[in-house]
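**Student:** Line order of the protein sequences matches chains Z and F.
Note that my numbering has the first sequence beginning at 2, numbered continuously upward.
Note that my numbering has the second sequence beginning at 2, numbered continuously upward.
Hints are supplied without guarantee of correctness; some may be wrong.
What the hints assert, rightly or not - Computed, partial: chain F to chain Z, Cβ under 7 Å:
(1) P18
(2) G264
(3) V475
(4) H478
(5) G528
Hints in this document: simulated from the structure, not taken from any laboratory.
Virtual Cβ for every residue (Gly too), placed ideally from N, Cα, C.
Number of protein chains: 2
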Amino acid sequence: MQFNHHGYVSENPRIKPAAGIGIDRSPNLPETMDVLIVGSGPAGIVAAAQLSVFPEITTCLIEKRGGRLELGHADGIQARSVETFAAFGFANEIIDEAYRITETAFWTPDPLAPEHIVRSRVTDDDPQGISEFPHLIVNQARVLDYFREFMGRQPSRNAPYYGYEFVDLTIGEGEYPVEVRLRRSTGEREGEELTVRTKYVVGGDGAHSGVRKAIGATHQGKISYHAWGVVDMVADTDFPDIRTKCIITSNQGHILHIPREGGYLFRSYVDLGRVPENDDHEVRKTPLEEIVRRLNAIVAPYRIVPKEVAWWSVYEVGHRVTDRFDEVGLDPDMDREARVFICGDACHTHSAKAGQGMNVSMQDSWNIGWKLAQVLRGYSSHKLLRTYNAERQQIAQDLIDFDLSWSGRMAGNTPDDECIEDFYVRTAEFPAGFMTEYKPSMIISGRARQELATGYPLGKRFKSYEAVRRCDAVPLHIGHQHEADGRWRVYVFADAAAPGEDGPVTDFARWWAEAPDSPAVRHTRPGDDLNTLFDAKVIYRQPHRSYDITDVPAGFRPKNGPFQVEDWNQAWSAVPGDSIFGARGISENGAIVVVRPDQYVADIQPLTGTAEIAEFFDGVFDLTD
Amino acid sequence: MQFNHHGYVSENPRIKPAAGIGIDRSPNLPETMDVLIVGSGPAGIVAAAQLSVFPEITTCLIEKRGGRLELGHADGIQARSVETFAAFGFANEIIDEAYRITETAFWTPDPLAPEHIVRSRVTDDDPQGISEFPHLIVNQARVLDYFREFMGRQPSRNAPYYGYEFVDLTIGEGEYPVEVRLRRSTGEREGEELTVRTKYVVGGDGAHSGVRKAIGATHQGKISYHAWGVVDMVADTDFPDIRTKCIITSNQGHILHIPREGGYLFRSYVDLGRVPENDDHEVRKTPLEEIVRRLNAIVAPYRIVPKEVAWWSVYEVGHRVTDRFDEVGLDPDMDREARVFICGDACHTHSAKAGQGMNVSMQDSWNIGWKLAQVLRGYSSHKLLRTYNAERQQIAQDLIDFDLSWSGRMAGNTPDDECIEDFYVRTAEFPAGFMTEYKPSMIISGRARQELATGYPLGKRFKSYEAVRRCDAVPLHIGHQHEADGRWRVYVFADAAAPGEDGPVTDFARWWAEAPDSPAVRHTRPGDDLNTLFDAKVIYRQPHRSYDITDVPAGFRPKNGPFQVEDWNQAWSAVPGDSIFGARGISENGAIVVVRPDQYVADIQPLTGTAEIAEFFDGVFDLTD
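Model the full structure from these sequences, guided by the hints.
**Tutor:** Right under this line is the structure:
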């Protein structure tokens, strides 16, 4: 965590000095704003949190509930989400309080007594070591709490506006072209309508999204509904895996069993089967007693006696994905401006079985969040926003396909010889959130030199590794230094030359800090520091004690803050015997790896590839309409 | 983190339900109380934090400042302190924001150009692997913030009362035998005196402690003062180790150089030499410019140009230890009751060079804190409190001896052939805080069987190791589960028998849960859960997948909370290939390791040693006066 360069910080350094809109933020919803975000769930709050970093942007997050979410909803947190929490500064805290999944037990009918279940297999949760982050289960309400806390600590001092629901919108002209009708949903003035004007709208308003309807987006494909009974409880039981994630298949039905945080609570998803077309929501009347009865029938010979039911629900869910994620869609004319975006359940719904909902929604939200910030801060044209639909609609389709395959197998529909346990292990990267691989676009280079850094696949998230920070000799995951601050990362992996020696690293450093075509020089505004938009780190092969920080080229020691002190935290060394260079397949000639603000690898070039780096960023920071 | 057994927790689980005094705590200082703690520094706040856990105890922490500490003071956090922070639930958070010391650089005169310094050696900070916790530097104000946050989240909802200073006390009779005169030190009513009555007083009121004077405790030994100029600054510099801890000895003087949190700030302690007896505090008039001039003279040929000085001070400090830490002292008559205790700088002062002040003070404070809780909750007689003086006065003497030796060496006084670097490495366990080894007393068994667990030295703190929690298959440091909740820990290390098999573990479990002479049965009040006073964990040799949690004897699955659900988090397995049994030298026949609420090993017995365990706890939980 870096602070104090602007003066001594005595209090919690996570609380940034208020600035801009944050200095005197009104508790009342303003009439005009830069971004209106509808819905404070995972799909809305991450965009709000990202935008809150920038006090020059007025972001308003509205929520139709009167206050904080208390209960229920999603609880599965994949490793990619924990990685995201790290970027927002609260991974360790939430890990401390969450349930951690390390293995999954499969229970199936006992071949000798098919009315009873037996444990047929236990699989490690991350056998391939996909991520250094854990797979967690924690109440969605807590995830939202942490993001809200982050928002409140940012310079903009943002907080949700509770008690407003979305009614409709129209897109017109002018500085605030979107006119949005809202309705007060709680309190004394409940039902009262009001109109606000905004530059952009993000609809994170769930499966019944009003924003989706307002832009005329529609579901693709066939919709078939499946019903689930879900119960959170503390119980008296002799089922030995009550604190283990289980996939239970008995001849009485199926259960997805998920232990919860705190050591006692657990959640069981009891499969209530496909909903007939003419059911008219009859299934929702299934009583708790029936769910508990089915649960016990499925886990026989074990018993699960509820001592307290914290929450329960019956819900129907279809596999659906929306045809487009903004009001423009895949129109090849990139000049068409998009003003309204939808994310999360508003665009994709599916079963809970793969534990994906909250996770994919948060990645939607981060994706649109940093892009809106880049555009609203005046660094990119509106074309950047069109990449949101292009990137995330595909992800949603992949998710639906995966979930259909997975839930089919859980229900016993196996299209091939692969057993469910093998399928689960083989496909683990997808549900962990790391299969996302964006295609070339204005923010994923089409000219990347993948062979120079084989361990950083282009378009996938930058997979961290440990290195040693030279100035203080602390071994750290270099990727975990990537905060959600909207900055682009430039990792300069050195060749064999020692720090300070003449060579391409030294040349690059000089170019980066001084050349007129350097992105840091060209796109940074006069008076701003060299590290305002970019975080450029150099990683050397030599052990940290073999050189001094003062040997590192000045381009990697940018002066910053009101005192213009040098930042000495940008030079790193490989860990002797466990080198990031080997682990990530870096060419012996070095490589430059460019990473987006949301942690995806955007470009890879040789150390001499300054023209290509310049060209790539000229495309990103292009302001022409 | 365990919660939810008493019902669903939706909000931050670190915030415990308010109870007792915490339900309707008045913001005004009450007239009577159980414990009055004077001073909200490290020496006061840890006792306050520990006592805050218990809503049946009224603890009042007074502070003469009008509010939170902002600046200056100690910043060195030894590994034992971070271990303590873990027990209070905030280790990860403070690690995230602190500077971490991984190595120390020694700078000495260049033999070729003695007017210049050169780096003569770099040593690892913890070469022996003394602790899994890091060595940190962080503003004392932040340490206090975290403890204050902990206090406010406990059932008693405790908070400091600012603006009161201690004047005097008298010890009389009755339920609240100590009458304390206080004075308002800030605000409109500044200077106004008031009287409160309390059962106990803890004086954490610093080097000029009024509480110490009130009980007539005096300093032992010769006092010689040494002066230091200390500066916290952000600077422009070419000194390459500005972000490394350095011990700098030049022919111009000595510096202890300590980087600070946040990546830019650092602190230099510039040695201003021994203070002549007739100096009359003249040295304190040394201006900042002179300190900066000396600093630069010492680090030549490098330069350090301050860009911002956050704080600076000149102070004199003597090596002093007080003859006793309560009003009774080492009187062999254990029946004499002690009512007033002093801790921290009130009892021991020394140089900052070994970075010990805050650390030893916090251990003083935790020591008296849990003992007061145990007595005030009615589980032990006042005799327990006499162990505070006996245990901590010795530690303070050891500290002074170490610091004299260490600062002497830094000043060039080497009594033997050992160079300063070798001394530093050899003695690292002391400053890390792990040399404390309490002697047998009513809370350290005189009959312990050390040979059964050679890696848990009696009287030293329980050194954690990883094990796998059976119920959820999570590998965790078992010692980090020891929260500052006032409970005694009983670690049952199994013999070779598998879980559930007949044998001494199963016998012990039955005895522990059922026998009339079991401490858990005898000392737990009717209606309280078996784990109210004791946290008994079993650790098996077998891999966790080789047995079920339901095979574990019921004595290690205590029913608890309003729903009387079983706690399944108490059974553990060794990590295959990295066994806690081997690492901690556990006998093949198993062992029982008893650990105090402040994490010190109190007893070691064989699995069959129920009589000895019973006898030990009968001594601890003895209520006879």
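**Student:** Against this structure, judge whether each hint is valid.
**Tutor:** Hint check:
1. For P18 (chain F), the shortest C-beta to C-beta distance to chain Z is roughly 14 Å, which exceeds 7 Å, and the interface hint is violated.
2. Interface hint status for G264 (chain F): upheld, as the beta-carbon distance to the closest one in chain Z is roughly 4 Å, under 7 Å.
3. About 5 Å separates the beta-carbon of V475 (chain F) from the nearest beta-carbon of chain Z, less than 7 Å, and the hint is met.
4. The interface hint given for H478 (chain F) is broken, as the beta carbon of that residue sits about 13 Å from the closest beta carbon of chain Z, more than 7 Å.
5. Below 7 Å, beta-carbon pairs count as interface contacts, and G528 (chain F) has none with chain Z, the closest being about 18 Å; its hint is therefore violated.
The structure fails hints 1, 4, 5 (numbered hints given earlier, in ascending order).
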